[in-house]
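The listed protein sequences derive, respectively, from chains A, B, C and D.
Residue numbering for the first sequence follows our numbering, starting at 33 and increasing by one per position.
Residue numbering for the second sequence follows our numbering, starting at 33 and increasing by one per position.
Residue numbering for the third sequence follows our numbering, starting at 33 and increasing by one per position.
Residue numbering for the fourth sequence follows our numbering, starting at 33 and increasing by one per position.
What the hints contain is simulated information worked out from the structure, not anything from laboratory work.
Incorrect hints may appear among the rest.
Identical chains blur together in the list; that is why a pair holds if it fits in one copy or across any two.
Below 27 Å or equal to it, Euclidean Cα-Cα: the simulated DSS-like pairs (lysine-lysine) are [as the list claims (entries may be wrong)]: (1) Lys304 to Lys131; (2) Lys247 to Lys346; (3) Lys387 to Lys346; (4) Lys120 to Lys96; (5) Lys339 to Lys247; (6) Lys346 to Lys304; (7) Lys131 to Lys354; (8) Lys96 to Lys198; (9) Lys304 to Lys339; (10) Lys387 to Lys247; (11) Lys195 to Lys96; (12) Lys223 to Lys120; (13) Lys304 to Lys354; (14) Lys339 to Lys96; (15) Lys198 to Lys339.
On a predicted model such as this, the values are computed, not experimentally measured, just so you know.
4 protein chains.
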Amino acid sequence: MAGNSFGTLYKLTSFGESHGRGIGGIIEGVAPGLVLDMDFIQGELDRRRPGQSRITTPRDESDKVEFISGHMDHVATGTPLAFAVWNKDQRSGDYDNLKDIFRPSHADYTYEAKYGVRDHRGGGRSSARETIARVVAGAVAKLMLRQYGVSIQAYVSQVGMLKLEKDYRELDLSVAESNIVRCPDPVLAEKMVEYIDGIRVNHDSVGGIVTCIIKNAPVGLGDPVFDKLHARLGQAMLSINAVKGFEYGSGFGAAEMLGSQHNDEFYTEGGKVRSRTNNSGGIQGGISNGEDIYFSVAFKPVATILKDQNTVDKSGNEVVMKARGRHDPCVVPRAVPIVEAMAAMVLADCVLINKSYR
Amino acid sequence: MAGNSFGTLYKLTSFGESHGRGIGGIIEGVAPGLVLDMDFIQGELDRRRPGQSRITTPRDESDKVEFISGHMDHVATGTPLAFAVWNKDQRSGDYDNLKDIFRPSHADYTYEAKYGVRDHRGGGRSSARETIARVVAGAVAKLMLRQYGVSIQAYVSQVGMLKLEKDYRELDLSVAESNIVRCPDPVLAEKMVEYIDGIRVNHDSVGGIVTCIIKNAPVGLGDPVFDKLHARLGQAMLSINAVKGFEYGSGFGAAEMLGSQHNDEFYTEGGKVRSRTNNSGGIQGGISNGEDIYFSVAFKPVATILKDQNTVDKSGNEVVMKARGRHDPCVVPRAVPIVEAMAAMVLADCVLINKSYR
Amino acid sequence: MAGNSFGTLYKLTSFGESHGRGIGGIIEGVAPGLVLDMDFIQGELDRRRPGQSRITTPRDESDKVEFISGHMDHVATGTPLAFAVWNKDQRSGDYDNLKDIFRPSHADYTYEAKYGVRDHRGGGRSSARETIARVVAGAVAKLMLRQYGVSIQAYVSQVGMLKLEKDYRELDLSVAESNIVRCPDPVLAEKMVEYIDGIRVNHDSVGGIVTCIIKNAPVGLGDPVFDKLHARLGQAMLSINAVKGFEYGSGFGAAEMLGSQHNDEFYTEGGKVRSRTNNSGGIQGGISNGEDIYFSVAFKPVATILKDQNTVDKSGNEVVMKARGRHDPCVVPRAVPIVEAMAAMVLADCVLINKSYR
Amino acid sequence: MAGNSFGTLYKLTSFGESHGRGIGGIIEGVAPGLVLDMDFIQGELDRRRPGQSRITTPRDESDKVEFISGHMDHVATGTPLAFAVWNKDQRSGDYDNLKDIFRPSHADYTYEAKYGVRDHRGGGRSSARETIARVVAGAVAKLMLRQYGVSIQAYVSQVGMLKLEKDYRELDLSVAESNIVRCPDPVLAEKMVEYIDGIRVNHDSVGGIVTCIIKNAPVGLGDPVFDKLHARLGQAMLSINAVKGFEYGSGFGAAEMLGSQHNDEFYTEGGKVRSRTNNSGGIQGGISNGEDIYFSVAFKPVATILKDQNTVDKSGNEVVMKARGRHDPCVVPRAVPIVEAMAAMVLADCVLINKSYR
């Protein structure tokens, strides 16, 4: 089966299901000698974990990562870095009622149709629990990118109708991590939390948008034609569960603009080529130009809600699926570290590719 | 250099520059025995060609495709199908003035920074002329998909502020190809043409949106985790020149929705599992579910405009770049066949991947 | 780091070091629904394990495989099949004396030079213990190939000067597994055992040859040009620790032959195209022709011997390395299941590739 | 269809058939700025060309290479380097008699069985004419390797029973190119030429061996586990038409040796780690150690001979195939540049891979 690997030189091959033994992967391309800062890596996982606040699912998963190979005393040796997060919360009996039912807007039906067999427990391979592997591999990528001074920060810019209208340059992004919804505008953050709390009480879910800013990326990342930097970022983001759209730089707004407005004039600053505006989003011809890279990722409301829903079962009978279990009323706060992780993997890969021909 | 190949089993590796000998590629994965319908393939190229109407660039490129290998009497043998479109309009002297200048919002600066050397003539490898290879490979993919009854149709849904508000299900999509802007609403199409004409006269350019509808795709296309069908479509579309955003199904609008609104209820129709709504855009868990697949692609206004612009040269001097040459006032009408071609390549690849494990 | 994956559609990505937590891998391409016959898989590992007889290393490693993901109750779901064999015999203190020494004809020096850091314990990633992952993935491949009736059997055809001169068609290959040296000629087998026992007592090691016979492979496996079936088998075999050569069909002997002797005449038998001789080794133009596929793999004497040896340390000082520890006097008996495993992986991959375009 | 690409970062994707429009390919990974020395590249092709001496096929193919993209004035720009050698000698009518016949020990039957359709003219894709693409890509790789001081030289070491018994270190390898059989021992060379001439007159063919010596390869080339340097060289060589075996360093002879004889003792020379013997063939643990890399490649007698042969046709009838046409009595002299080319591609790829992680 295809689809389990991401990257060319910095590469994650992931494995695992929601309610199997665990989630993990193999990372290739880790620089020999890199120190695996376990506090940092575990910290990234903690940013993703369920049960971290009252606006996320109350499932409590401690999610401790173990590195199985590829290091000695947490110094990378350059061999494949295998890791696992062993599943603790394996109450698979909870899912017996879903064994033969296709949950609306989940992957149950399509997996069954494609493979003829599926792990029904909590979505199996299609569960968002799979993103654990991404966060670990992204954390290691961040450690590699640190030496280039690259910083990657994502935040929540929209929840339902509540939109952060300010440009990221007007904001103190470091504020984002100080509130549970991860929005850098404290006033709006409070409204978002309150709103999500209402959604939760109402047993519903709501969508949102995550925006990501990459600073200090070296000039020259990304490859022409099919592997343009934004195309790779796009695939990376769209591969995250529940994502419905991706835009970078001027994004969908570009459709309404004139070339004379949209073009970013070049000038020189301190011997460097710079652009006065940045509708390009730091990427021209698919290659980073040294300006900030920024993009947004739209998430749908998660499909699991605590309301009865009409659907069909495996035999084609129309049935009512009873509400049950625990759910995330809004996924975007927990998606923030996942977006960052995917961005970090793309950038680390581009850095390695660039090294290869110079 | 990475980035010149697209696909796993149905795979295009492309080559060529705007003003070199030509543009071409090698297609792997073509079914042995497939009849290469040259009228159809050439017809697809003609839909892309410059000079096809008064709202496209007046450059006249006839763009005839030649298949070099992989067939006998235009029946594919299963060996690599190499092809080329030889460049005719090679007035490279036209570009001497651009040799040392970085055009705003073009790839001149990033290529120079990345490679230390670049073909400045008409953008070289970064020219949209490269999409010729995509259209040829997409046309062959369409021929392969025909036997499955899959249809792929794209159209222009926005030019500047002019938006097609109607849902695609209310439209007769076949109308799109009957007007030069390729919009299926004849009234709006006329307005768009008029608007673009004004842009052209004003030496400017404008952005737009292309929407694409795929009908009759088999259930089961796409792969879990990183190669979700929409993630692959996203990369495919974002890799097209001038693209700034991609959304599928409910898209960015999903951010504002509740789960109870967004979830697509399943029901049974004629023994088939169907969904009553299609916010999923025909894709669940990254795998096609048999409903229509639909997505939109945002294009920026093309960077070449006939106005003087401030920029810098290779030595870092700030200069005024004089307006000169020919340009596309709005790229979206010509982008329609390119969007379709990329979608066809993704689907053909997914079809082949699916065959491999069943 | 490259080199950890093998295969295109049936694909193993392996991880692990000799004295780390364990050895394992991720297998992609396993047919959904395949029953993982654990007795068979464990049995294959047991054929490889150290300590299985008096002519192998006395290290006792029980090597139990655990499947971590990709199955429910040992039925494959089509998702990545991750597995691990956890290391038991981790007396890494045993290796402190080797921390700064480059053992002759081992990978110590080249790893150090390449990575600047290395796991010195028992060879780390370069240890033959890594082949555990191959045997597991090969065993699963064998289960997939069973439904096509393909059989793969390897045996020892040479140990030192002791050569099996008979053609495989004159032998009862099933005899091979009934003696500890895995030679299908019982008389020669006894001589080999005796000879190896002498080598062991003398603290030395000796090389040998493994021959492999594949029967009932479908016509059409292998791909033209670079991925010819024998080229892929060759890479597979040469990637096994200690291998120095590979030949198939007439092999090196072909250099002395005339075309009129070597060509395999076709004839028809029961509606099938057959060849009267099989110098082609079942492969023509890189593609299987339905005749038996056979090839031989030459192994050097293992580099670990219990004699003092001259070498250098990390600082470049010439030193005498003292004999110590346990070793395999002759690796070929234990290499038999590894050769089979690699062959099975190649064939399973070719089978999946073939499905994709028909 | 798989199998048309070779390499990861330095990568050739080839196309073309014996009697189609031409043979060519796309090379990726060429260093931007590399000067394409056309005299050198064409010279390499001339070493491969038919009709170069009385012991090769009298077919006269001038085989001029044209670079189609990826350079400006023969300076590589880093974009894909496409090239073609257009076929001149396209007398395809010559092959009408072979349209429905399976030539013994050719790929006719296996291609027909695999694809259901085939280009019968001169073997189509399976023709050794395909190696033109390898020689061009290898020549460019050699230009890249020059800056590292790496030299690659192959020569003929056996023709039929005539074997060069001397070690390569006793020979002046530069002599090889001064005789038409490319053997560095002038006396033996003369015997070989005479012998091949007799074979030719007798309408037969004979096999042989090519040996290749690589000097000054940097330490550290090759990757662990599956992509060991010798495993990649092995696949490369085995993928050449008519190759039946590959061995490196001590090769098949290692099977007869004791560890105490075979191990290469390390010592220090001028601050460098060296080995006193080189049974390892310059490769330890799959990674180059700075000593000479050497290997041998066995070629079968070419299948085309000018004698009547029994075979079957497409319908399964047993027929006598009449002798006809032109043929190479011994392929090894022309194989020398092909072996070198494949080695150069492998090394260039390893050099690029190594750059990526340091």
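The hints, checked one at a time:
no., hint, verdict
1, Lys304 to Lys131, "between (60 Å within a copy, 19 Å between copies)"
2, Lys247 to Lys346, "between (49 Å within a copy, 24 Å between copies)"
3, Lys387 to Lys346, "between (51 Å within a copy, 23 Å between copies)"
4, Lys120 to Lys96, "both (10 Å within a copy, 23 Å between copies)"
5, Lys339 to Lys247, "neither (42 Å within a copy, 32 Å between copies)"
6, Lys346 to Lys304, "between (61 Å within a copy, 11 Å between copies)"
7, Lys131 to Lys354, "within (13 Å within a copy, 62 Å between copies)"
8, Lys96 to Lys198, "neither (37 Å within a copy, 49 Å between copies)"
9, Lys304 to Lys339, "between (57 Å within a copy, 25 Å between copies)"
10, Lys387 to Lys247, "both (20 Å within a copy, 25 Å between copies)"
11, Lys195 to Lys96, "neither (34 Å within a copy, 49 Å between copies)"
12, Lys223 to Lys120, "neither (34 Å within a copy, 55 Å between copies)"
13, Lys304 to Lys354, "between (61 Å within a copy, 23 Å between copies)"
14, Lys339 to Lys96, "neither (32 Å within a copy, 45 Å between copies)"
15, Lys198 to Lys339, "neither (35 Å within a copy, 31 Å between copies)"
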